[in-house]
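Undergrad: Listed below are the residues making up each chain.
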Amino acid sequence: MSAKSEDQLKEKIINVAKKNPKGISHKDITAAIPEVSSADLVSTINELLQQEFFDLFNQNGVLVYRLKTQTSKQAVKGADNEEKVVFNLIEEAGNKGIWIRDIRVRSNLANTQLTKVLKSLESKKLIKAVKCVNASKKKVYMLYNLEPDRSISGGAWYQDQDFESEFVDILNVQCHRFLSQRSDKMKNNPRGPIVGRTQSYATAAEVQKYITDLGISKVELDVEDVITILNTLVYDGKAESSVYPDGSKVYRAVDPLIPAPGLVQVPCGVCPLIHKCASTGLVTPQDCTYMKEWLE
Amino acid sequence: MSHQLGRVVSAILHRYFGEIVQKVGDDLFTFGSKPIGLIVKTTSLTRTQVIESLRTLLKFDLATFEPSANEVIADYKLIPDNVLLLIRYPRYLLQIKSKYGSEAELLVEELLQQATCTATVLLFTIAMKYKDDKEKNITIVTLKDMFISLVTAGYIQQAPVAELKEGSEVPTLVPVATIVPDLLVSRNGTLALVQAMSSGSISEINDNIYWRVNYDRFHLDFRDEIMIKAITRRIDENAGELMRFLLEKMYLTSAAWAPESSPLCVIDLRERCRGAASDRPLLHQFVDQYLKVLEENGGGFVRRVGDAGSGQYCVRTRHAARQLVLCALDHTVTERLGSKAARIFRLIRSRKYIEEDDIQKNAMLVNKECKQLTYKLLEEHFISVQPMRKAASAGGLAKAIYLYHIKLHDVAHAAQEMCYRALHNVLRRHQHERAAHARLVDKQRRVRTIVHGMRLRGEPQQNIDDVEETLTPPELAVLQGVEKRLKQLSTAEMELDRNLFIFKWYFMFPETK
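Each protein sequence line maps, in turn, to chains C and R.
Residue 1 is where the first sequence starts when you use the working numbering, and the numbers rise one by one after that.
Residue 1 is where the second sequence starts when you use the working numbering, and the numbers rise one by one after that.
So that you can see chain C by itself, here it is in the shape it has in the complex (with noise of 0.2 Å):
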C-alpha cells in the first residue's frame, strides 16, 4: 500500500470519526469505508492511536475509537508521560474542575511530583486553579481556556468567591423600582382590571434591559439572574409572581396586605428584652428606658 492511499485513508476514518463525536466502533467504519481490507484498517488505525489522533475505548466488550479534541492533543505536545495523565483527569473534569486529592488518586502520583506536574501545566498556560465559593479553601483544576462552572464561581453574584450582598441589594432595589412604576396603572384602569394587571405586569426580560440600560452592572446579567433578584423581591413580599401563558415569568409590584400591626407600632414588638420583661426585677414595663424613648 502506498503512502498516498494510507493518507487518504486516515482522511476517511478521522471524517467518519469526526460526525461521530461519541466514538466509533470497528464495525462503523467497515460500514463507512467498505473498500478497504482490514489488514489496511488495522495499519491505519494503530499508526492514528500511536499520532494520538484517537482515544481509545471498551464499551460493553465492543472497541471504540474516539477522536481526541485538537486541543488537548497539541497541548500535551513535548510533554511527559505524567504530564499527560494528570491533564486528561483535568479535562475529563469540564468545566467543574477536579480537586487535587481526587488528581492525586486517580493518578497513583505522589504529592511532590503531583504539585511539579501542575505548576508546569499552569506555567505553560494550559490549565488554572479555580477557588471554590462553597469551601474557601478548596482550589479545583480545570483547562485553561473554560468558564468555571456556576457551582464553582456562584455566577454574577460573586467577585473573587466573595459574595456581593450590596450589588444584590441594589440590584434588588433597582428592579423593585421599575415594578412599582407599572403597579398604580391596576388601580381603577378605565379600560379594566385584566389589561391593567397585564400593564402592571413585567417580564424578566423587560426587567433585565431596564437594569442593562441603567448601566449599574459591569457583569453581564442573563434572563436566570434577573429571575433571581426577582425572586428575592417576592421573597421580601415586596412582588408577586405569575406565569404567562408562553410559560415565561412575569412581576408584579405589590403591598402587604394590611399595613404595619399594633405589635410592631409599640416598642415591646421589637424590644430584644421582651422575654425578660417582667412585672418586677431589672426590666419592668414601668421603668422600661424603650418605652420612655417612644414616648417622649
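Since the hints were made in silico from the structure, they are not lab data.
These numbers come from a predicted model, not from an experiment.
Mixed in with the good hints there might be a few duds.
[As the list claims (entries may be wrong)] Below, in silico cross-link-like pairs of lysine-lysine (DSSO-like), each with a Cα-Cα straight-line distance of 30 Å or less:
{"no.": "1", "chain 1": "C", "residue 1": "Lys131", "chain 2": "R", "residue 2": "Lys399"}
{"no.": "2", "chain 1": "C", "residue 1": "Lys185", "chain 2": "R", "residue 2": "Lys371"}
{"no.": "3", "chain 1": "R", "residue 1": "Lys504", "chain 2": "C", "residue 2": "Lys276"}
{"no.": "4", "chain 1": "C", "residue 1": "Lys249", "chain 2": "C", "residue 2": "Lys218"}
{"no.": "5", "chain 1": "R", "residue 1": "Lys229", "chain 2": "C", "residue 2": "Lys187"}
{"no.": "6", "chain 1": "C", "residue 1": "Lys12", "chain 2": "C", "residue 2": "Lys27"}
{"no.": "7", "chain 1": "R", "residue 1": "Lys41", "chain 2": "R", "residue 2": "Lys59"}
{"no.": "8", "chain 1": "C", "residue 1": "Lys139", "chain 2": "R", "residue 2": "Lys229"}
{"no.": "9", "chain 1": "R", "residue 1": "Lys99", "chain 2": "C", "residue 2": "Lys187"}
{"no.": "10", "chain 1": "C", "residue 1": "Lys128", "chain 2": "R", "residue 2": "Lys361"}
{"no.": "11", "chain 1": "R", "residue 1": "Lys361", "chain 2": "C", "residue 2": "Lys131"}
{"no.": "12", "chain 1": "C", "residue 1": "Lys139", "chain 2": "R", "residue 2": "Lys399"}
{"no.": "13", "chain 1": "R", "residue 1": "Lys368", "chain 2": "C", "residue 2": "Lys139"}
Following the hints, put chain R in place on chain C, whose structure we already have.
TA: Showing chain R alone in chain C's frame:
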C-alpha cells in the same frame, strides 16, 4: 390560657373594676373554676366582697358558673376572652357611630356600661340624660326606633335567661332567640314611654326582658372591614367594593363564621353591581374581570368553585385569616430581625421544607449573614427545624439533613403571646404614668371645677384668672406631657387589640394538618 394572658386580664380588671375584682379574677384565672368558699379562702377577702366581685364579673359576662359536683353550690369560671373585650369598647362605639349615627352610639354606650338592661330603663335613662340638651334633639321615640333597628341588625340581643333545672339548685343560663318586643313596636308601648317621660318615672311599665350588646355582630363587621381593606390595598377600591358585595351575599346563604361560604352566583353579583353602577361605573362595566382578578391576585380570599349559573365563587374567610396572620407575622419578623430575616422567613414558607444551603442560594445573602439570621429566627421560635437522620448508618459520621419549616399555628401562638405581653406592658405603663402624676391631674381637675363654678356664678374675670394661675406654667407643661403620653398609650392599646383580633380570628378555626 397562658401566663401572659393572665397578666393582661389582671391588668384590665384592675383598670376597670379595681383591686378587689382583680384579686378575685386572678384567683379564678389561676385555679380554673372554683366555688365561693374556696375563693374566700385563697384571696383572704371577706365573703361579701367576693360575692360582690363575682356579681360584677357575672353581670358583665366576664365569668360563668356551673353546678359543681354536688349540684348544690356553683363553680365559677373566668372568661379571659371576654375580659379582653373591655378594651375594645371604644372601637364598638366608633363602629356603631359611623354606621348608625350618634343616637345608636348613645344606646350602645349606655348598654355597654350597664352590661344588661331592660329596653325601657335604657331608653328612659338616655332620654332623661339628654332631655335638656337642645342641640342633640333626642326624643324617646327616635331612640326607640333606633333601638329596634339595632336589634333587627343584631347588634343588640336578648340576654340569656336563668332557668332552674329539676333537681339542681344552681340555675343555668339559657340563650333566648331575639325577638323585637311588642312593648316597643305597639302604639301603647310608645305612649307609655312618652307618658313615663313626662311623669319622670318608669314604675308603671312592666318590662322584664333584658338586653345586652352582641359582640359577635361587631366582630363580623370588623372582619369584613379588614378583608375589604386588604383587597383595596392589593387591587383597588372597585375590587374592595366587590369584596363587600360578596360578603353581603355570604351572610344570606352561609353561617356568619363559616370557614368557606357556600357558592355565590355571579348573576346575583352582577345584579348587585348594577345597583351600584352610578357610584362605581368601572365595577359595573368589568364585573367578570374584577372577579377574575380578585380570584387570582386577591390573596386567595375568593375561589371559583363552579361554572353553574355563569360562574360560582365562594369567600374563604378561613384562608383570609391565615393570610392576614402571615402578613402580620411578616411585619413582626421584619421589625424584629430586619427585612433580610423576613426574606428568609417567607422563603421557608414558600418552600414548606428547605435545607440551609438552599436558603442561602435563594435568599441571595452572604453565607454567614444568612446562617446567623436563620438561627436567630430559630431562636425566636419563628421557624422550626426537622432533622432527618439516615437510619442504620454505621458510625457517627452519617450527616443529618436539617430541614427548616414553619409551624404556623405555633408561631401565631408565640406572636399572640407577644401581643399579650405588649398589651400588658402598655396597660401597666398607663397605670404607672397616671399614678406618678395623680396629684397634678387631680389639682388640674379641681381648678377646672372651681373655675367652672365661678363662671356660672358670674364672678369677675380677675378672680377667675387668680384661681387659674395656681397652676404654674411648669406644672401645665408637665400636664401636657402626661396627657400626650397617655393618649399615645391608649392608641397603642387599640392597635394591639386590632392585632389580637386577627389572631383570635385565625384561632377560631381549628388547626389543619
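Undergrad: Starting from lysine 128(C), check that the Cα of lysine 361(R) is at most 30 Å away, please.
TA: 26 Å, holds
Undergrad: Holds or violated: are the alpha carbons of lysine 368(R) and lysine 139(C) at most 30 Å from each other?
TA: 20 Å, holds
Undergrad: Just to be careful, I want the Cα atoms of lysine 504(R) and lysine 276(C) compared with a cutoff of 30 Å; is the pair within it?
TA: Satisfied, since the Cα-Cα distance of roughly 25 Å is no more than 30 Å.
Undergrad: Is lysine 99(R) within 30 Å of lysine 187(C), Cα to Cα?
TA: 27 Å, holds
Undergrad: Is the hinted pair lysine 229(R) and lysine 187(C) satisfied, with a Cα-Cα distance of at most 30 Å?
TA: 14 Å, holds
Undergrad: Hinted pair, alpha-carbon criterion (30 Å max): lysine 131(C), lysine 399(R). Please report holds or violated.
TA: Holds. Lysine 131(C) to lysine 399(R) sits at ~25 Å (cutoff 30 Å).
Undergrad: Straight-line Cα separation of lysine 41(R) and lysine 59(R) no greater than 30 Å?
TA: 23 Å, holds
Undergrad: Is the straight-line distance between the alpha-carbon of lysine 12(C) and that of lysine 27(C) 30 Å or less?
TA: 15 Å, holds
Undergrad: Given the hint that lysine 185(C) pairs with lysine 371(R), test it: the Cα-Cα distance must not exceed 30 Å.
TA: Given that 30 Å is the threshold and the Cα spacing comes to 39 Å, the pair is violated.
Undergrad: Is the straight-line distance between the alpha-carbon of lysine 139(C) and that of lysine 229(R) 30 Å or less?
TA: Judged against 30 Å, a Cα distance of about 56 Å means the pair is violated.
Undergrad: Below or equal to 30 Å on CA atoms is what counts here, so check lysine 249(C) against lysine 218(C).
TA: With a Cα-Cα distance of about 25 Å, the restraint between lysine 249(C) and lysine 218(C) holds, given a limit of 30 Å.
Undergrad: Would the pair lysine 139(C) and lysine 399(R) pass a check requiring their Cα atoms to be no farther apart than 30 Å?
TA: 23 Å, holds
The structure does not agree with the numbered hints 2 and 8 stated previously, though it agrees with the rest.
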